[in-house]
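Using the sequences and the accompanying hints, generate a full structural model.
Chains as they are written, first to last, in my numbering: chain V, -9 to 112; chain X, -16 to 93.
It is possible that part of the hints are untrue.
Stated by the list, open to error - Simulated crosslink set (DSS-like; lysine-lysine; CA at most 27 Å straight-line): (1) V:9 - X:27; (2) X:89 - V:68; (3) V:33 - X:30; (4) X:51 - V:33; (5) V:57 - X:51; (6) V:79 - V:57; (7) V:79 - X:51; (8) V:9 - X:30; (9) V:33 - X:27; (10) V:9 - V:68.
To be verified - Where chain X lies over chain V, by a calculated footprint (3+ residues, C-beta under 8 Å): (11) 25 to 39; (12) 100 to 106.
FYI, nobody ran anything at the bench for these hints, they're computed from the structure.
Glycine included, C-beta positions come from ideal geometry on N, C-alpha and C.
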Amino acid sequence: EVQLVESGGGLVQPGGSLKLSCAASGFTFSVSAMHWVRQASGKGLEWVGRIRSKANSYATAYAASVKGRFTISRDDSKNTAYLQMNSLKTEDTAVYYCTRLPRDYTYGMDVWGQGTTVTVSS
Amino acid sequence: QSALTQPASVSGSPGQSITISCTGTSSDVGVYNYVSWYQQHPGKAPKLMIYDVSNRPSGVSNRFSGSKSGNTASLTISGLQAEDEADYYCSSYTSSSTVVFGGGTKLTVL
Chain V
-9 EVQLVESGGG
1 LVQPGGSLKL
11 SCAASGFTFS
21 VSAMHWVRQA
31 SGKGLEWVGR
41 IRSKANSYAT
51 AYAASVKGRF
61 TISRDDSKNT
71 AYLQMNSLKT
81 EDTAVYYCTR
91 LPRDYTYGMD
101 VWGQGTTVTV
111 SS
Chain X
-16 QSALTQPASV
-6 SGSPGQSITI
4 SCTGTSSDVG
14 VYNYVSWYQQ
24 HPGKAPKLMI
34 YDVSNRPSGV
44 SNRFSGSKSG
54 NTASLTISGL
64 QAEDEADYYC
74 SSYTSSSTVV
84 FGGGTKLTVL
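What follows is the structure in C-alpha cells.
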C-alpha cells in the first residue's frame, strides 16, 4: 500500500523548534519530489516547501512565509522526508501534511499523509 | 506569491453540473499546464482529483473534468452527487519553481 505517515507534531512555545518526519512506503521514494503543505484550523491549504530527488540535486524551495526558518531534507535510505521548523510563530499553528509528486514533468500531489498537528503557543 | 482566486462557495442540486474557477496570473496558471485540483472532506487529507490541467488519476470518477484558458483554470463536476459535497482547492506550479494554492471553494449539494 502506498502510504505517507507524518510524525513529530506537538505543542511548542513561540521561538522554539520542532522537526517533523514523513515516512514513506509502498513506492519508490527516491524518485519522488516531496512537498509539505499546511492547513490552519478552518483555513485553506498553504504550500510550505519541497525537496526534489537526487537526480534533481535535492533542490529545495520554500514559501516566502517560512523561508529562512524552515528546512526540508530527506534520507532516501530511510524513505523519510523531514521538515525542520525553527523560530516558530503562533501563525505556524496548523496541521502539516507531507505529500509527493510521483515523477518529473507532471503536477499533481497524488499521495498525502494523514497530517500532524503543530501548535505554537505560550 | 499571492493565492489563486476561487469563489468561496458554489452550490448545485443532485444531477446538475457546476464549475469552479481558479484565476491566477501569467506567472502561475498561465505559464505551464501544471494545474491540479484537490477535494477535501472535513477532517480528511486532500485527495487529488485532476492533474496537469485535465487528467484524472485512476479511480477518480469521469464526472470530474478540468480545463484551462489563459490564466484561469476550471473544474467541472457533472451529475452532482451528495458525496461530492466538500471543499475544493486548485493549485499551480509557478515560474519561480514554487507552488501556490487557491483559497478553496466550498461545494454544497442542495
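Hint-by-hint comparison with the structure:
1. V:9 - X:27: holds (23 Å)
2. X:89 - V:68: violated (38 Å)
3. V:33 - X:30: holds (17 Å)
4. X:51 - V:33: holds (25 Å)
5. V:57 - X:51: violated (30 Å)
6. V:79 - V:57: holds (13 Å)
7. V:79 - X:51: violated (37 Å)
8. V:9 - X:30: holds (25 Å)
9. V:33 - X:27: holds (13 Å)
10. V:9 - V:68: Status holds; Cα separation ~16 Å.
11. 25 to 39: holds (count 6)
12. 100 to 106: Coverage by chain X holds for the segment 100 to 106 of chain V (5 residues, Cβ < 8 Å).
This entry does not satisfy hints 2, 5, 7, going by the numbered hints stated previously.
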